[in-house]
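Colleague: The primary structure of each chain is shown beneath.
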Amino acid sequence: MRMSLRNKYVRILSAIAPPGAAGIALLLGSTMPSAAIRHSTSTEPLAADQSSVSERLAAIREAVLDVAKAETDVGRSKDGELRLAWGNWWRNWGGRPRGWGWPNWNNWRNWHPWNNWWRNW
Amino acid sequence: MAKLVGRPIGSRRGRDVPRIELLVVQPTPFCNIDCRYCYLPDRSSKAVVSRQTLHNLFSQVFASGWVGECLSVVWHAGEPTVLPIEFYREAFRMVDRLKPAELAVSHSFQTNGTLIDEAWCTFFREERLGVGVSIDGPKQFHDRRRLTRSGHGTFDRTIAGIRLLRRHGVPFHVISVLSAASMAVPREMFDFYVEEGIEQVCFNVEESEGDHVSESFQESGIESAYYRFLSEFWRLSAAAPGHITFIREIEHAIAQVIRPADAPFRNQLVEPFAVTSMDWAGNISTFSPELLGLKNPVYEDFILGNINRDALIDLPSRPNFIRMLADIEAGVEMCRERCQYFSVCGGGEPVNKLAENSSFASSETTYCRLIKMRGTDLVLDALERVQSRGAVGKGAVCAEVYE
Chain A
1 MRMSLRNKYV RILSAIAPPG AAGIALLLGS TMPSAAIRHS TSTEPLAADQ SSVSERLAAI
61 REAVLDVAKA ETDVGRSKDG ELRLAWGNWW RNWGGRPRGW GWPNWNNWRN WHPWNNWWRN
121 W
Chain B
122 MAKLVGRPIG SRRGRDVPRI ELLVVQPTPF CNIDCRYCYL PDRSSKAVVS RQTLHNLFSQ
182 VFASGWVGEC LSVVWHAGEP TVLPIEFYRE AFRMVDRLKP AELAVSHSFQ TNGTLIDEAW
242 CTFFREERLG VGVSIDGPKQ FHDRRRLTRS GHGTFDRTIA GIRLLRRHGV PFHVISVLSA
302 ASMAVPREMF DFYVEEGIEQ VCFNVEESEG DHVSESFQES GIESAYYRFL SEFWRLSAAA
362 PGHITFIREI EHAIAQVIRP ADAPFRNQLV EPFAVTSMDW AGNISTFSPE LLGLKNPVYE
422 DFILGNINRD ALIDLPSRPN FIRMLADIEA GVEMCRERCQ YFSVCGGGEP VNKLAENSSF
482 ASSETTYCRL IKMRGTDLVL DALERVQSRG AVGKGAVCAE VYE
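Residue numbers (the numbering used here), protein chains in the order written: chain A, 1 to 121; chain B, 122 to 524.
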């Protein structure tokens, strides 16, 4: 079960090779059903997978590692340079200014980190 | 002494000393407006922090050995712009003089925007400050809760401030508190931000904190409403690229869910002194900044000491800190054992646990269900939809989106 779930997310993540932090938000956002369509069906979160949320989250994290490793191997064999799309995407978080929640995700909600933002403006 | 450990989530190993990452400084408790959902008890007081208190704070913080390579300082009152610009110029120069040469200190403001004028814009640009403006969407939503002391809406003054920031090229984000009414109209909210050139948005939901009891939290169906709002807002943003470039709740959820298994993950809000707060009088607290002004029948208050009388590095040995830490850690363990979403949260928000469950040593809250769980669900559902489209060949979805 765990392995098939992990493989499922490897396939999904491979299909959405990260075009940058803004890009992946755009990409995933484009999958949201419109309000009109949603109102005609269910308004609740999808329950497409019978696995628990914690299992799915763990499988995604393992899949990110798998995809990053596979891309490293492919990148090296093609041009000798390290091209670690998923790994770099997360670690740099797509060029977002440092402090946008990394690595402490549960930031205080009545504030918003602005470190180095001016350099990127 | 209690363990002073900022432990990475999922790991029992940790650091030996605290690490201050965010310093929340209240220059004055005074606010020029009187929002109905405000949790600050002393917002009519016109007291102002003294230079000596600021000097004591920063000199102790820098000497503590608790700061890493960078430190964020947020001036979060009251309303920080009720004080003169010169106050901040002097404060920033003081910080520059006191700080170690290698330490990067960044300052930011969270403001209601009503007092922003040309001079403030010039100051923000010169000092390269991060600016967050609180605006709750279009006038009809904003003016329901964000009122002057005489009961009038503040929208016109806030939007005037935002327009000035844009005219002066000052980068800013907005924080909008959602109500049941504004959650019901994501298209209207989206159009408002686009029309006003607001690109970076953060959404809060009116919460129960301190003496304030949230009306929104008591609404039935609030979780579904929040999920639907974020889903539609995200879809609209993706369908019109280039307008809304950052939705905090979405960006954070994506980065929390889609991360490598070996990535570090911590919850700043349950780590001692990772977020350190000081009020105008020099009183120090930690964990959730909202705790600084709160009273509680069990804990009395959450003040660990005063920077004008006490040594910062002695505060971890205070009995009230030890008690808070023990209860907060017990609550985190409950979350770890019980919550499916623990790996993307790390134990929730202490102030919400206290307000909703009457104890730090507790787990799930409405805040958790809304912000953490439904945000995570959105990303999980988006990934399911990628699969259901059948577009699982490499790059297939990218090509589809960018065509």
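Calculated directly from the structure, the hints in this document are not laboratory data.
Where a beta carbon is used, it is the ideal one built from N, C-alpha and C, also for glycine.
Accuracy of the hints is not assured; some may be wrong.
Said to hold, decoys possible - If the Cβ cut is set under 8 Å, some of the chain B residues that face chain A in the computed set are:
id: 1; residue: Val194
id: 2; residue: Ser352
id: 3; residue: Glu372
id: 4; residue: Val500
id: 5; residue: Gln508
Colleague: Are any of the numbered hints broken by this structure? If so, which, sorted upward?
Modeller: 1
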